[in-house]
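Asker: Read off the chains here:
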Amino acid sequence: MYAFDFVRPKSLNEAVEALQPEEAMALGGGQTLIPTLKQRLASPSKLVSLKGVEEIRGICRDDQGRVCIGGGTTHAEVAAGVPEYPALAALAANIGDPAVRNRGTIGGSLANNDPSACYPAAALASGATIVTNTREIAADDYFEGMFMTALEEGEIITEVRFPVPQAANYQKFEQPASRFALVGVFVAKFEDGVRVAVTGASEEGVFRWTEAEEALSSNFSPDAVQGLSVPAEGMIGDLHGSPEYRAHLVGVMTRRAVAAAG
Amino acid sequence: MTVAKPLPHDAAARHVDGSARYVDDIPVPAGTLHLCFGCARISRGRVTAVDLGPVRAAEGVIAVLTADDLPFDNDVAPVAHDEPLLSDGTVHYAGQPLFLVVAESHLQARRAARRAEISYEEETPILTVEQALAADSRFEEGPRVYGRGDVEAALATAPLVTEGEIEIGGQEHFYLEGQAALALPQEGGDMIVHASSQHPTEIQHKVADALGLPMHAVRVEVRRMGGGFGGKESQGNALAVACAVAARATGRPCKMRYDRDDDFTITGKRHPFVIRYRAGHDAEGRLLAVDFRQFAVCGWSQDLSLAVADRAMLHADNAYWIPTVRIESHRLKTNHQSHTAFRGFGGPQGMVGIERVLDHVAHRVGRDPAEVRRLNYYAEAEEGALSAPLGGSAASPPEDISAKKKDLQERRVTPYGQVVEDFILGGMTERLLETSGYHVRRARVAEWNARNEVIKRGLAFTPVKFGISFTLTHLNQAGALVHVYQDGSVALNHGGTEMGQGLFQKVAQVAAQVFGLPMAAVRITATDTAKVPNTSATAASSGSDLNGMAVRLACEEIAGRMAAFLAERHQAKPTEVRFRESRVEVGAESYSFAEAAKACWMGRVSLSATGYYRTPDISWDRIRGEGRPFFYFAYGAVVSEVAVDTLTGEYRILRADILHDAGSSLNPAIDRGQVEGGYVQGAGWLTTEELVWDDAGRLRTHAPSTYKIPAASDAPEVFEVNFWQAENRAETIHRSKAVGEPPLMLGISVLMALSDAVAACGPGYPALDAPATPERVLAAIRRVRGAA
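Protein chains in written order, with my numbering: chain A, 18 to 279; chain B, 1212 to 1999.
Some hints here could point you the wrong way.
Said to hold, decoys possible - Below, a list of computed lysine to any residue pairs in the SDA-like style, where the Cα atoms sit at most 20 angstroms apart:
1) B:K1809 x B:F1842
2) A:K55 x A:E34
3) A:K63 x A:G75
4) A:K55 x B:E1887
5) B:K1616 x B:Y1696
6) A:K68 x A:E34
7) A:K55 x B:K1616
8) A:K55 x B:P1534
9) A:K55 x B:Y1469
10) A:K55 x B:E1594
11) A:K63 x A:P132
12) A:K68 x A:D80
13) A:K55 x B:R1883
14) B:K1615 x B:T1646
15) B:K1617 x B:A1654
16) A:K55 x B:E1767
17) A:K63 x A:R78
18) A:K55 x B:R1911
19) B:K1216 x B:E1887
20) A:K27 x A:R196
21) A:K55 x B:S1801
22) A:K55 x B:D1470
23) A:K68 x A:A107
24) B:K1616 x B:R1642
25) B:K1617 x B:R1642
26) B:K1617 x B:H1685
27) B:K1615 x B:A1592
28) A:K68 x A:P132
Because the hints were derived from the structure by calculation, they are not lab data.
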């Protein structure tokens, strides 16, 4: 780890102010950033902890019935706090281990956009809106590839608004040692159609599987996607699985999610 | 009776409450320094330039040592003198220690080590069996070959020949306590070393050589290890020698422990193997001839590889009589960590080879694999005395009896000429298949598989026959030192080391038995080269057999002296003196043990004795592959059931039924722990534990985040472990049997059960490699379906 300054602002405005220097970085729960620092893969001049910013924590509902989760809300809080969206609660309850869930935050996870993280699949499949200190970004416009997002320098995720689908489910094929998603598929059925988002698999990070969405929108059953597959090209190949295996798992996890969503 | 009781491990409570002391827990003197190796980042080549300036300048650094700074022998090899502590400029694997940092703290040493600037001239590493064979990169002049008969001729006439190949991955030891050592310099240049080692005598020897001292100037103490599994037989030498050399150079105590990543990267693992086979058999699955070619990936230095590969050959038969057999073993030198001892010591790899053959043959002839296995067993031992007449109906003519007898005798001979006199797997198998409901469940599995497309079940029975003794005959010896104090308390010491396996507890029970004392009266003390010299490694499952016997002999010596003294005092015969329930009875007189001890001391009777034991009846010629390498065999049998998701290749172990042979167990509770742990560790080896080296030879799986060992939740939900209640036919300590390694090979049944489940998906043979990760299982499912 390289040396850095550390500040812990009490309000969003202070945090935004503290993030002004180009080399400053926001710190959520630190479940990705701290290991990254330890590996010396990042060298911020200043870490701005968001743990003290109470206004970006907590869960509420808006007029449109959306579940609105503060960016600083931990996975454990989401797991316990969204009974009306069980698929989202289940996803949060199965991230990492209890230590990770008690520190890690939804804002941190989405800002980092790890290709194997769970939350990007939920946000993209739900058609969530990512709210920052400056604007609102539709999930479809937010994810820009592995570790890449639409966030500007110093922009802070203050809230994530999830429309609640009629039915949804998240299926994760875990890499057994780390329990990260080798492949994770979030399926969400709305009145106007089905959305399918895949994490863990692609070199481009989370993506929507539109072919499956179309098939499921006309027939929401595992059979509808039986013959469909994603190409292995562009899938991640590493020591835990080949691109072919990951592509195959996308199909299986999608069918499992549809079956489980009912 | 204290032996045979299921008493808890002597340190069980301390393991749980955290007060059990490991090397890193020992309070160190002020001024103790901490060490870290700087390691090579390439797998083969030469170091062309080294700048250690930044390392020396780093905060807290006291000294940086290279090969040139070593005062005497630069070697930590257990056998071949081919393993420099610090590289002489040649790099043999990624992770090889190049220099040694000595600093004020562990973290400072680690930080400093990373600051070295090193340039290399890289060469193409040898990383695969094919590359090693092409380069003829091997240990020994050529392959070893054991066997009997003309295999080519037998294969040529066999009704069926089944051929194949299996890749078997290595295994990281993953002892919970990593490698660690602490050296304390003494006056006159002497050195005391605390090590996490299964082999204190070897540590003493290597440290003495590194310091240019006789062995008497070095004392090594090992209280316990947090797991060893063979990984601390030779791999601890580097840390102990580094500490001793640095302590000599600085005059200060020096301590070293590997962080987990370093431990993975630097130390050797279980040898990966490739085994090719051609098996001649009949339509029933009866083996007529087998030709094995075993390729052992040994890594860069010889370490214990020859003995490991020998043992793989000696277990290429497992429980089966193979009339004509040839086993060719290649010991390949590669640019990996130097692979080393690991529970089973090559035996498991050899056994996987023959179990794969039986599985393949059974599939080929379309018979129940359990039946095919039984068909090929060695001849069952006779009931009672071994010299008793062999069986045969009384109505048969005499020549028929003698022909049968000859046939039975022939069916007892291993490929290396040892007669299997104690084969009990026939009876064990019969019992296990019945208690596990094998045949009923076989039918149920078939029914399930006929009804279910997605989840397929698999069932497999596999036996274990494991040879007990070091194949290096001279290692089969042990010593003990026992003191009885005048208050009646007993302290005992022996050459074996405690690594959680319960050796100390078992041996203490043996001692308490001799003196008729409760366990609390017996204190077992840390293994110490100053108390018992010239010990063998605690390995080859031999700990209790060897040290239990040595301790009993020492105790009997003292008890004999006490009996003689007390008998004389009471005009009785020494044989009439009884030691029981903490008392010593002489005729009508009865002393407490403490009174008796005090009386003996007052009567000037020595209450201290050594004990020495060597295993009888063994001899072995490893070049010719002939003799009697093993004192006896330990047996086990298991039925495992798995469920496989054919869409993803994921699986779960549903149930395991084990019948294990521990002879007359010294402690059934401890033995149960060994059996359960062995099964799970063996299953882990063949399923989830995958070591991945990249094309440059760097180990990519070097932490629990990437390398998956089984957890408690991975054990089967139904886990029935029972013991075959029969005495060891060989005269071992209280007729018990060694139980350290054999149960690991029970885990082979999981691989075979997976094969059974995959075989339910189509007509082809699964030919599953190990570890059978979900991706490999899925690929096998596609293969068997594609064979349609």
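Asker: Now look at each hint and say whether the structure bears it out.
Answerer: Against the structure, the hints:
no.: 1; hint: B:K1809 x B:F1842; verdict: violated (40 angstroms)
no.: 2; hint: A:K55 x A:E34; verdict: violated (26 angstroms)
no.: 3; hint: A:K63 x A:G75; verdict: violated (26 angstroms)
no.: 4; hint: A:K55 x B:E1887; verdict: violated (38 angstroms)
no.: 5; hint: B:K1616 x B:Y1696; verdict: violated (56 angstroms)
no.: 6; hint: A:K68 x A:E34; verdict: holds (16 angstroms)
no.: 7; hint: A:K55 x B:K1616; verdict: violated (71 angstroms)
no.: 8; hint: A:K55 x B:P1534; verdict: violated (60 angstroms)
no.: 9; hint: A:K55 x B:Y1469; verdict: holds (18 angstroms)
no.: 10; hint: A:K55 x B:E1594; verdict: violated (65 angstroms)
no.: 11; hint: A:K63 x A:P132; verdict: violated (25 angstroms)
no.: 12; hint: A:K68 x A:D80; verdict: violated (28 angstroms)
no.: 13; hint: A:K55 x B:R1883; verdict: violated (42 angstroms)
no.: 14; hint: B:K1615 x B:T1646; verdict: violated (31 angstroms)
no.: 15; hint: B:K1617 x B:A1654; verdict: violated (38 angstroms)
no.: 16; hint: A:K55 x B:E1767; verdict: violated (59 angstroms)
no.: 17; hint: A:K63 x A:R78; verdict: violated (34 angstroms)
no.: 18; hint: A:K55 x B:R1911; verdict: holds (18 angstroms)
no.: 19; hint: B:K1216 x B:E1887; verdict: holds (18 angstroms)
no.: 20; hint: A:K27 x A:R196; verdict: violated (34 angstroms)
no.: 21; hint: A:K55 x B:S1801; verdict: violated (69 angstroms)
no.: 22; hint: A:K55 x B:D1470; verdict: holds (15 angstroms)
no.: 23; hint: A:K68 x A:A107; verdict: violated (24 angstroms)
no.: 24; hint: B:K1616 x B:R1642; verdict: violated (25 angstroms)
no.: 25; hint: B:K1617 x B:R1642; verdict: violated (27 angstroms)
no.: 26; hint: B:K1617 x B:H1685; verdict: violated (33 angstroms)
no.: 27; hint: B:K1615 x B:A1592; verdict: holds (14 angstroms)
no.: 28; hint: A:K68 x A:P132; verdict: violated (24 angstroms)
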